[in-house]
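Start from the sequences and build out the full structure, keeping to the hints where you can.
Keeping their order, the protein sequence lines are chains A and B.
Quick note on the numbering used here: the first sequence kicks off at 910 and runs consecutively.
Quick note on the numbering used here: the second sequence kicks off at 74 and runs consecutively.
Every clue listed holds true.
One side only, chain B facing chain A, incomplete, derived with CB under 10 Å:
hint, residue
1, S97
2, F101
3, A150
4, S154
5, R156
6, V290
7, Q294
Pairs of lysine-lysine, DSS-like flavour, derived with a Cα cap of 25 Å:
hint, chain 1, residue 1, chain 2, residue 2
8, A, K944, B, K111
9, B, K111, A, K1023
10, A, K956, A, K999
Don't read these hints as lab results, they were simulated from the structure.
Keep in mind it's a predicted model, so treat the numbers as computed, not measured.
The beta-carbon is built from N, C-alpha and C at its ideal position, and this holds for glycine as well.
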Amino acid sequence: MFKILVAVLAMTTLAACASLPNPLDAPTRQTLFVKDVSVAWSFDDAKQGVKPEYVAYKEDAQKRLKTAVATAFATSPAGAEGVAFKIDVKAFSCATTGCQVKTDVAVVRMSDGKELGVYKDVMGIQAASGGGLLGVLIQAMVKPDVVGIMSNNYALVLHARFDAKT
Amino acid sequence: MRRGLALILCVGLATPAWSAPFVSPDPFTVSGRFELAKAADGPLKGHLRIALAVASPEDAKILMANPAAFDTALTAATTASLRNFGYLAGPETADALSLQVRLDTLEVTPDKEGVTVVARFRVEAPDGTLGGCVPKTAEAKYRALAPVHGGDRQRALGIVALVAFAAIGYNASQLVTEQFQIAKADQAAANARRERIEGESVSPESGDKQMAHFAAVNATQLALADFVRQLGRSSCATAASSPEAPAVSPAAAKPAPAG
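Below is the structure:
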């Protein structure tokens, strides 16, 4: 079942990448390396208020997204020009039953601050595997690391978008 | 129904394996992350070309790669590394030096806490004044420690990845720096006193093969970084440097223990 889920996620990722244009062309991408990653939060989560669980998920997600992206881009691309990935979280929801995030990612050249391109609507998801209510109930009992899995999925998706042909 | 779907998806995902093997050169490339000195104006800047970069089949096995594909990746990584620091000759450069680079058989030493790999490059350049400026060997040592187990596996992996990234977060202070004087025009003396770059971090995967692979990738990259670093410190690096005035490397991090 897990293998089917991974296969579905991979195929979905590839299909999604094929349909979205890459804001950076291949020659430009090859000259870059990712020197810095930051996470900003423009999502209006006022309705969530100060719910402790939400705050915990939010703080965890901010750290883990940054780490996951920095790790995923640590060795590739391998150019000479340092850039910063500025991740802006536009939507976020997280609970024991699943976690997802939607962001825009601006690629900014560090030498002069010029924005080279923006990857819009980059998403990361952790969803209960298996069928319907049973899968959700099982996940609620097992309590997987939803933020970590979502962050790793997000980094994978972002890298696929970055590597996609223009 | 589910089995049919799984079969279709597995076939679809397996299809790339039937095509020609590909090894990404990026993990071996010395990127700007290393903060090494760019080529100074001089005879080496923009005058080097990689004719060939090869490794032994044993190395390809440790790196879990097809030998021909790995040689292609190594050539691309070496070329990209020179480009990143200003040493790569353009196609229009008529008097460029063509270098042949060979990766010696990796020295792999497992122990109870991890695996250590030493990578060594041999560089052959055409005879001549400029050829004599190119370092003939470059090497590095990398130790992969076994990852922690137990607890929340996802969090453990996150911690391991963070440590690994931090450990190889490249800046000059984290590279081993040697204390040596570049002899007036004596490359042999400089090499004799050169200390080896060393690195260490936690492997993201357990298992001797996986740890050896992780250490080998990093050792190979660091050895290339050593080559780029030596190019920058070559007595021929700047055309204006007088052969009578030795260049002294700036003091930075403490020297590593002798390898």
